[in-house]
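In order, the protein sequence lines correspond to chains A and B. So for the first sequence, our numbering puts the first residue at 1; every next one is plus one. So for the second sequence, our numbering puts the first residue at 1; every next one is plus one.
Source of the hints: derived by calculation from the structure; they are not laboratory data. Backbone N, C-alpha and C fix where the C-beta goes; we use that ideal spot for every residue, glycine too. Treat the hints with caution; some may be incorrect.
[What the hints assert, rightly or not] Capping the alpha-carbon separation at 25 Å, the derived lysine to aspartate or glutamate pairs in DMTMM-like fashion look like this:
1) A/678 - A/571
2) B/238 - A/480
3) B/251 - A/463
[What the hints assert, rightly or not] Computed footprint of chain A on chain B, listed as stretches where at least three residues anywhere in the stretch have a Cβ under 8 Å from a Cβ of chain A:
4) 45-55
5) 69-81
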Amino acid sequence: MQVSDKLLRRFVDLDGLNPEDIKNILCEGGIEVTGYRPLAQGDKLVIAKILEVHPVEGSDHLHYLKVDEGNKLGTFDVVCGAPNVRVGLNTVVARVGCSLKDGKINEAKIMGLKSFGMCCSYKELGIEHKYLTDEENAGIIELDEDAPIGEEEVLKYLCLDDFIYDIELLPSRSYCLSIINLAKELAALANRKIKDLKIDDLTNFKTDFVVSSETDKCPQLAIRIVNGVKVKPSPRELRFALLASGYRSINNIVDIGNYVMLLTGQPLHMYDLDKLHSHALIARDDIEEDFVALNDNHYEVKKGDICITNDGKTMCLGGIMGAKCCAVDEKTQNIAIESASFYHASIRHTSRRLGLASESSTRFIKGTNHFQSQFVLDLVASLVQKLADANKISNIVSYTTEKDELTAIDTTLSYINNRLATNLRLEEVLDILKRESLGVETEGEKLHIEVPHYRLDLKEPCDISEEIIRFVGFSRVKEEEFKGPERVGGVSLEEKKINDIRNLLLGRGLDECITYSLVDAKKKDSWSYLNDWQPVKLLHPLTDKHEYIRTNVLPSLLESASYNYTHQNKDLALFEVSDVYLDENTKETRLAVVLVGKEELQSKMDVRPYSYFTVKGYLEAILDLLHIDSSRYQIERLVSDKKEFHPGRSAAIKLNKRLVGVLGEMYPRLRKDYDFGKENIVVMELNLSAILEVMTSPITFKEINKFPVVKRDLALLVKDDVTYQMIKKVIKTSGHQIILDVEPFDLYFGEGVANGYHSLAITITYGDNKKTLVDEEVNRVENDIKYALRKELGIELRG
Amino acid sequence: MERAEILSLLASIKEKIDVAKDMKELIEVKNSELGKKSKFMSEALESLNQLIRTAPVEEKKALGAFINEVKNDVLSHYENKERVLREEQEKASLLAEQIDISLPGENFYKGHKNPLYLIRDEIISFFTDLGYDVYSGPEIENDHYNFELLNTPKDHPARDMQDSFYIDERTLLRTHTSPVQARTMLKHPNTPVKMIAPGKTFRRDDDDLTHSHQFMQIECLVVDEGINLAHLKSTLEKFMHKIFGPKRTIKFVPSYFPFTEPSFEVNVSCAHCHGKGCNMCKGTGFIEVLGAGMVHPNVLRMCGYDEHRFSGFAFGVGVERLAMLRYGIDDIRRFYQNDVRFLKQFQEEYRK
Numbered sequence: 001m002q003v004s005d006k007l008l009r010r011f012v013d014l015d016g017l018n019p020e021d022i023k024n025i026l027c028e029g030g031i032e033v034t035g036y037r038p039l040a041q042g043d044k045l046v047i048a049k050i051l052e053v054h055p056v057e058g059s060d061h062l063h064y065l066k067v068d069e070g071n072k073l074g075t076f077d078v079v080c081g082a083p084n085v086r087v088g089l090n091t092v093v094a095r096v097g098c099s100l101k102d103g104k105i106n107e108a109k110i111m112g113l114k115s116f117g118m119c120c121s122y123k124e125l126g127i128e129h130k131y132l133t134d135e136e137n138a139g140i141i142e143l144d145e146d147a148p149i150g151e152e153e154v155l156k157y158l159c160l161d162d163f164i165y166d167i168e169l170l171p172s173r174s175y176c177l178s179i180i181n182l183a184k185e186l187a188a189l190a191n192r193k194i195k196d197l198k199i200d201d202l203t204n205f206k207t208d209f210v211v212s213s214e215t216d217k218c219p220q221l222a223i224r225i226v227n228g229v230k231v232k233p234s235p236r237e238l239r240f241a242l243l244a245s246g247y248r249s250i251n252n253i254v255d256i257g258n259y260v261m262l263l264t265g266q267p268l269h270m271y272d273l274d275k276l277h278s279h280a281l282i283a284r285d286d287i288e289e290d291f292v293a294l295n296d297n298h299y300e301v302k303k304g305d306i307c308i309t310n311d312g313k314t315m316c317l318g319g320i321m322g323a324k325c326c327a328v329d330e331k332t333q334n335i336a337i338e339s340a341s342f343y344h345a346s347i348r349h350t351s352r353r354l355g356l357a358s359e360s361s362t363r364f365i366k367g368t369n370h371f372q373s374q375f376v377l378d379l380v381a382s383l384v385q386k387l388a389d390a391n392k393i394s395n396i397v398s399y400t401t402e403k404d405e406l407t408a409i410d411t412t413l414s415y416i417n418n419r420l421a422t423n424l425r426l427e428e429v430l431d432i433l434k435r436e437s438l439g440v441e442t443e444g445e446k447l448h449i450e451v452p453h454y455r456l457d458l459k460e461p462c463d464i465s466e467e468i469i470r471f472v473g474f475s476r477v478k479e480e481e482f483k484g485p486e487r488v489g490g491v492s493l494e495e496k497k498i499n500d501i502r503n504l505l506l507g508r509g510l511d512e513c514i515t516y517s518l519v520d521a522k523k524k525d526s527w528s529y530l531n532d533w534q535p536v537k538l539l540h541p542l543t544d545k546h547e548y549i550r551t552n553v554l555p556s557l558l559e560s561a562s563y564n565y566t567h568q569n570k571d572l573a574l575f576e577v578s579d580v581y582l583d584e585n586t587k588e589t590r591l592a593v594v595l596v597g598k599e600e601l602q603s604k605m606d607v608r609p610y611s612y613f614t615v616k617g618y619l620e621a622i623l624d625l626l627h628i629d630s631s632r633y634q635i636e637r638l639v640s641d642k643k644e645f646h647p648g649r650s651a652a653i654k655l656n657k658r659l660v661g662v663l664g665e666m667y668p669r670l671r672k673d674y675d676f677g678k679e680n681i682v683v684m685e686l687n688l689s690a691i692l693e694v695m696t697s698p699i700t701f702k703e704i705n706k707f708p709v710v711k712r713d714l715a716l717l718v719k720d721d722v723t724y725q726m727i728k729k730v731i732k733t734s735g736h737q738i739i740l741d742v743e744p745f746d747l748y749f750g751e752g753v754a755n756g757y758h759s760l761a762i763t764i765t766y767g768d769n770k771k772t773l774v775d776e777e778v779n780r781v782e783n784d785i786k787y788a789l790r791k792e793l794g795i796e797l798r799g
Numbered sequence: 001m002e003r004a005e006i007l008s009l010l011a012s013i014k015e016k017i018d019v020a021k022d023m024k025e026l027i028e029v030k031n032s033e034l035g036k037k038s039k040f041m042s043e044a045l046e047s048l049n050q051l052i053r054t055a056p057v058e059e060k061k062a063l064g065a066f067i068n069e070v071k072n073d074v075l076s077h078y079e080n081k082e083r084v085l086r087e088e089q090e091k092a093s094l095l096a097e098q099i100d101i102s103l104p105g106e107n108f109y110k111g112h113k114n115p116l117y118l119i120r121d122e123i124i125s126f127f128t129d130l131g132y133d134v135y136s137g138p139e140i141e142n143d144h145y146n147f148e149l150l151n152t153p154k155d156h157p158a159r160d161m162q163d164s165f166y167i168d169e170r171t172l173l174r175t176h177t178s179p180v181q182a183r184t185m186l187k188h189p190n191t192p193v194k195m196i197a198p199g200k201t202f203r204r205d206d207d208d209l210t211h212s213h214q215f216m217q218i219e220c221l222v223v224d225e226g227i228n229l230a231h232l233k234s235t236l237e238k239f240m241h242k243i244f245g246p247k248r249t250i251k252f253v254p255s256y257f258p259f260t261e262p263s264f265e266v267n268v269s270c271a272h273c274h275g276k277g278c279n280m281c282k283g284t285g286f287i288e289v290l291g292a293g294m295v296h297p298n299v300l301r302m303c304g305y306d307e308h309r310f311s312g313f314a315f316g317v318g319v320e321r322l323a324m325l326r327y328g329i330d331d332i333r334r335f336y337q338n339d340v341r342f343l344k345q346f347q348e349e350y351r352k
């Protein structure tokens, strides 16, 4: 919010403090002032009268003026381009040497004519375009006929000698949305005196107007009738005080409403009395109708919305906006001024539903003082009498269910000191509370505190502790080492496993990414092999790029890879561990890997393209890290209609019969969708949650075989549809205990090998931990293996 | 041959062995001077052998010794020379295998963590070393945990501070990691707590230089009997010194959060100007880093604690902000872009 320095000073004695001081005092007290700036600028200004106006030869708009700058300064020649120059006009001249917002005024020669200064518009003094009338925007300032010629304190004369503070209020300080309350706050923080506002009761007639409320969402409603007002422009003082607060002046009546709201924090509503059907306003929440608001828009009012009604019709959507039908206009003579209180949640609800927010609604949502209607309506009365020539001012008619009781808080000095870790004395605490205008009674160290109505933030003892620390400052907090409960902390077992997997991949040279969990429609539907759940959709996404909560990570990681690839990073090894949500309650931790291009084995001198076997290696290493033996999982060919994985170079991993991961090379045609050119892309996504669930058995030492092992090689001629896994299984299940291990060491196809076949060389390790093997025994087993391979898989021995 | 003659022959053979430049020459010397038909073998040794056959018994022993001496002398001389030459040859052939030792080694470089994980992991290890537990909670959260148990009832104005992504009326993407506080306390009412909770959080912000609809936060909660503001202060000082170095000063400014009272904004002296005020810190000398406070008694009560017996402190810190301040990163979107030229700049700093 914007706060006028001048207005603040009207309610608190701030003599000797400059804006910088005030900013610092407020900031220390928890009211963040983000900056301050002058309302208007200009040093060597003077009020002058135009004595002569001559057209400038050769120009269609310039005039050559003679201006009277008063007895002290004399008469000067000024060239001016404004359309509203005329003899006898009093205006503002920026003299030679004057610094304005847009630069310095120098002696100038314009079309051969010397000019000693510049006639100013408000814009040149630094007033924003939007606060000015069309005439003011187009021409120079027009002052009254009796303006003091020669006056040099021009900004003061114009009521523009003000500073604007930009303040960001925390929700707990919403009561400072009132200049009077902010002044009290400042008085307390700076230990200064409040300047009380004295207003007389101007009531001069008794009205027959009645008010009431039929909903507890409007606990208080007060009306004052004012007759004989004249709607006209506001005087300069009011206009620029509003301007400094960020409000555009409309007319005296609207301006008074805004001004009183600024001072007191209480939003007002003004009805044109002659447009109401009867002298009654009733607050209700059971109306359903099409409501035409002041802004000419139609809104659907529903049951539950607070309506101020007259003869069953909504005259004001309570706390939000008035109706067009009873709005104050230039012809208005008699007005009903409303000061009411509304239940904040209800206003918030209606305002959000209708997408209609106003200065009133934001204030009511943040909370208002329900006990100040008398003061507010007295203040309004004094202003309409003064500024709108009102002659008849009614008594206040009001409805209220609010009991005028102050909130009481009971606390103790030791509670405050214990919570804050301070050593404050009772007197210090009492001094602060009194500066804060809180009523305090003491009994020993016990404090009975009464909170004034406007302090909506103070409800409990901890709130009092906050007030105290805000005033004494953090330096009063003791130095006390914290150890806390003695215990061994740490991460969960699952987290530890995840960290080990991350470190394994990092150690292998993969870079760890983090991508957004919210994805677009395209990403939500791609690479979804591990589940077929429909992703959760946001109610109100900000953009269609982030509309769904992802159920898999690969699409996002591929996007990161693609970003890199198109930004000159061609060889990539990326991974991400992230939770995904299959629905509101079902979380899975996933690992995604994307490999692009090739791995450098020794700089660029030795490289190896990434392939299916690279990610399979990562997978095997992860499972080995978690002590999951290869006998517990199966790697199967991935069968899918989707053209995302290469059908011949992709696999699914099953653990305890459950699909827990997919891996392989990207379907070549898909590469261009990610701008990968012709690069081979290798990807993997694992359901880590399922993998981490598998418990591992404890490690027990096994005696190392004391007898030598025998290694024998076999060269097999294999049909292409027979896999290594099948061969290994046949060998291992051929029934001989002495077969310890099977390892492939060469794969060959091409010349010398028939089409549809490949040659696979394997090493079989034989051993017995009770004796040294003899050749005859190994030969016998080897023959059995050969027989089984031939019989079961049609494999012939080569060589 | 006379003995003298034999000795002189011996000397000349040894000299020839000495001057051999390589194995080829040495073998030539061996073949010509020490072969079966050589003068030394056929004449000198043969004459000595004949002599020994005819010599009287008492001289035979001395003569035999002489033969052996002569033979061994020349052979060991040869062997020495041969060893020297072979070593030279070996060295020469190894030198021929010389490599350019300045070429890069085989690739064993570690990958790089996204700096958010780098900082997160550093914070986790800092707090677990101090005995804190690490918990996580769901990213899709119930309104009850995300707001209500944190003293932010429906229609509380503070809800507007953090506009949320709702999934339905009661369910949303968590706007902070604070709901983990509530979840932890509810599990073991009236039990001391010392925990941190890192995780992803979401707010309805348009992405720009300093805003991100997704960000990482770390929550800290300590609850016990007698916990006070000094405990919060000393913990945060240690924590901030760990992240930003021991030279930084810490300032607490009054602030507001519904779930703490009193609440503070914690500011750290600007690394650029050391608190004097500069463009980086907008002239204030300090930079806002995190929000903290004493747990609101309402929160303790709603989460099953006796608020008269227990008190606590809590804080929440944005990991992006810490990373941006520590490394001088100017655009929050970089963390989620994963440009490897960005990622590869960050690694453990091993600071004290």
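Now the hints, each set against the structure:
1. A distance of roughly 13 Å separates the Cα atoms of residue 678 of chain A and residue 571 of chain A; the hinted pair therefore holds under the 25 Å criterion.
2. Annotation: proposed proximity of residue 238 of chain B to residue 480 of chain A holds, straight-line Cα distance about 12 Å (limit 25 Å).
3. Of the pairs offered as hints, the one joining residue 251 of chain B and residue 463 of chain A holds, with about 21 Å between alpha carbons and a cut-off of 25 Å not exceeded.
4. As drawn, the stretch 45-55 of chain B meets chain A at 0 residues by the rule of a beta-carbon pair under 8 Å; below three, the given contact is violated.
5. With a cut-off of 8 Å between beta carbons, the stretch 69-81 of chain B has 0 residues touching chain A; three or more are needed, and the interface restraint is violated.
The structure is inconsistent with the numbered hints 4 and 5, although it conforms to all the rest.
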